Amino acid sequence: MAIDVATVKKVASLSRLREPEARLESLSGELNGILGWIEQLNEIDVTGVEPMTTAVAAAAPLRDDVVSDGGKVADVVKNAPKTVDGFFVVPKVVE
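For the sequence shown, the numbering used here gives the first residue as 9, with consecutive numbering after it.
Simulated from the structure, these hints should not be mistaken for laboratory data. Certain hints may be false.
As the list claims (entries may be wrong) - Derived PhoX-like pairs (lysine-lysine); straight-line CA-CA distance at most 25 Å: (1) 86 x 100; (2) 100 x 90; (3) 80 x 90.
Remember, predicted model here, so these are calculated numbers, not experimental data.
From just these sequences and the hints, can you work out the full model?
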């Protein structure tokens with residue numbers, strides 16, 4: 009599929025891009041070059057090749073899913089200006 013100047017104008021208009029008339033011909037050539045590269049990629053036989061998300065095989069480190077109370081109440085509230093029984097105390101904002 010070849011892209012002509014009229015198609016470049018239409019795509020530029022749809023994309024809300026302004027290109028000078030002198031640049032449209034070179035853009036047409038560049039887009040046709042890109043399509044040529046894509047056609048070359050389409051010629052590659054990829055049967056049996058699994059899709060991949062990364063070039064490096066890595067497993068995500070997982071921890072055991074254990075329910076706990078946290079045990080860090082003192083650490084959490086130690087910088088709070090005011091606490092009561094391990095809870096933050098804040099001013100009332102709703103009357």
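Evaluated hints:
1. Between the alpha carbons of residue 86 and residue 100 the distance comes to roughly 21 Å, so the proposed pair stays at or under 25 Å and holds.
2. A distance of roughly 13 Å separates the Cα atoms of residue 100 and residue 90; the hinted pair therefore holds under the 25 Å criterion.
3. Straight-line distance between C-alpha atoms of residue 80 and residue 90 comes to about 17 Å, which keeps the hinted pair within the 25 Å bound.
When each numbered hint is compared with the structure, no violation occurs for any of them.
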